[in-house]
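> Here is what each chain is made of, one letter per residue.
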Amino acid sequence: MSEHKQPDLARREFLGRGAVAAAAGMALAPGVMLYGVAHAKPADQPASSKVRWGMLVDTTKCSNGCNACVDACNKEHGLGNEQHSRPEQRTQYIRKVELRHKFTGATHSLPVMCQHCEKPPCVDVCPTGASFKRADGIVLVDRHICIGCRYCMMACPYKARSFVHEALTDQRPHTPRGKGCVESCTMCVHRVDEGREPACVEACAADGSHAIIFGDLNDPNSEIAQRVKTYASSEIRADLGLNTGVRYQGI
Amino acid sequence: MKRLRQLLSMAILALTLSAPAFAGEGGRTFLPSIPAAKGEQCVEDTADMRRNHMKYLQHHRDEAMHQGIRTEKHSLKACLECHAPVEGNMAAGGKEAEGHFCVNCHVYAGVTLDCFECHATKPETTAQFHPLVSPATAALKAADRTDSAELLNRLVGVTENKTGVAHE
Chain A
3 MSEHKQPDLA RREFLGRGAV AAAAGMALAP GVMLYGVAHA KPADQPASSK
53 VRWGMLVDTT KCSNGCNACV DACNKEHGLG NEQHSRPEQR TQYIRKVELR
103 HKFTGATHSL PVMCQHCEKP PCVDVCPTGA SFKRADGIVL VDRHICIGCR
153 YCMMACPYKA RSFVHEALTD QRPHTPRGKG CVESCTMCVH RVDEGREPAC
203 VEACAADGSH AIIFGDLNDP NSEIAQRVKT YASSEIRADL GLNTGVRYQG
253 I
Chain B
653 MKRLRQLLSM AILALTLSAP AFAGEGGRTF LPSIPAAKGE QCVEDTADMR
703 RNHMKYLQHH RDEAMHQGIR TEKHSLKACL ECHAPVEGNM AAGGKEAEGH
753 FCVNCHVYAG VTLDCFECHA TKPETTAQFH PLVSPATAAL KAADRTDSAE
803 LLNRLVGVTE NKTGVAHE
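Taken in order, these protein sequences are the chains called A and B.
The first sequence: position 183 = 185 (the numbering used here), numbered continuously.
The second sequence: position 101 = 753 (the numbering used here), numbered continuously.
If you are wondering where the hints come from, they were derived from the structure by calculation, not from laboratory data.
Take the hints with a grain of salt, since some may be wrong.
Only part of the chain A face toward chain B is listed, based on derived beta-carbon distances under 7 angstroms [to be verified]:
#, residue
1, Pro-48
2, Ala-49
3, Asp-195
4, Glu-225
5, Arg-229
Some residues of chain B that are not near chain A, with every Cβ distance over 12 angstroms (derived) [said to hold, decoys possible]:
#, residue
6, Gly-679
7, Leu-683
8, Ile-686
9, Glu-692
10, Arg-722
11, Leu-728
Ideal Cβ placement from N, Cα and C applies to all residues, glycine included.
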């Protein structure tokens, strides 16, 4: 395995330079800006802490009753193949929540998934280190280490995690899932590492809503960073000071 | 003396009759049935893979999981793309799991294999795969995955054997 430790420097340098040139937003003409979209890191390089992946949900564009993101997520990760679990036990990575302001009567519909906190409570409480945050801000469960104690499910203020109660079959190759482990939204890490967007973002755009955008919060040229800078956005339970990677606009 | 000759001839006859039983691929030893892989050459030498595949897999798994280093070499997904269950074998009535490279060898060696309790047992061909990431999947037809329950049962059978609960 020694060749694993010897990076091909020429290749790495080339890819690095290419990525930098591609990631920077380019001004085509005064006032016309080409936003840098999500770019794949080279497959042989680790996730960088210079990146902070995040999502911004515009609740004014998210319509009540639309389930496109949830359906796309279930399809992408092969969820819903439990045979014996009750519906409330079944895994959900993302769910739609309807909000109603008691005084004004204003209603909002919003997708809620793992918020990919900067200081995730689930990581704090995990006794084995299975719950962890990747360098680029994506919070994951390493099922190889998870013992299924479910402390993280208790700790999560967003109810984002699920527990698999039964032996599963027919998993998708990119989302291994099995009995006795806790799981949650992975921000489609397998897609992100290939330079693609999460399935929910893609489905929302395909549906014409464009309510969720995905990108690098740390890259000032990315669309998400520009939007977060320009418009007021908030976190759910901002009082907890978790600095979530998923932000909401219009609530 | 006559009796001795008689005994000898009987022994020779017995040996001759029993010869076909030994004459399989492995001679006197039972060998696992190992389906042929798709590629020309494995990522490491065969001897090295036999001894160290679990180390390579574990090393790769930790890097992929925690750091996002998703190289093809030594990844379980890439293994399965070459060592994919052969369609013909999979379809053989009720013995779907027979054609699985990993399972066959682990059952033979009596080593419990936990990978497939969570991981998919074979590759799938969809648009989900980037063509650069997994060119081999393009060559595979999208097959139904009815075999994975069988496979799981088979693996659980192995586990129980080891703990002496049940025999396959």
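> Now tell me, hint by hint, if it's right for this structure.
These are the hints, each one checked on the structure:
The restraint placing A/Pro-48 at the interface with chain B holds, with a minimum CB-CB distance near 4 angstroms, inside the 7 angstroms limit. Given hint, A/Ala-49 at the interface with chain B, holds; its Cβ is 4 angstroms from that chain's nearest Cβ, closer than 7 angstroms. Interface restraint check for A/Asp-195: the shortest CB-CB distance to chain B comes to about 5 angstroms, inside 7 angstroms, so the restraint holds. Given hint, A/Glu-225 at the interface with chain B, is violated; its Cβ is 22 angstroms from that chain's nearest Cβ, farther than 7 angstroms.
At about 25 angstroms, the closest approach between the beta carbon of A/Arg-229 and any beta carbon in chain B exceeds 7 angstroms, and the interface hint on this residue is violated. Annotated as non-interface, B/Gly-679 keeps its C-beta farther than 12 angstroms from every C-beta of chain A; the closest such distance is 35 angstroms. Non-interface call for B/Leu-683 relative to chain A: holds, since the shortest CB-CB distance, roughly 28 angstroms, exceeds 12 angstroms. Interface exclusion of B/Ile-686 from chain A stands, the closest Cβ pair being 22 angstroms apart, more than 12 angstroms.
Residue placement check: B/Glu-692 keeps its beta carbon more than 12 angstroms from all beta carbons of chain A (closest about 20 angstroms). Not every CB of chain A is more than 12 angstroms from the CB of B/Arg-722 (nearest about 5 angstroms), against its label as outside the interface. Not every CB of chain A lies more than 12 angstroms from the CB of B/Leu-728, the least distance being 9 angstroms, so the non-interface label is violated.
The structure does not agree with the numbered hints 4, 5, 10 and 11 stated previously, though it agrees with the rest.
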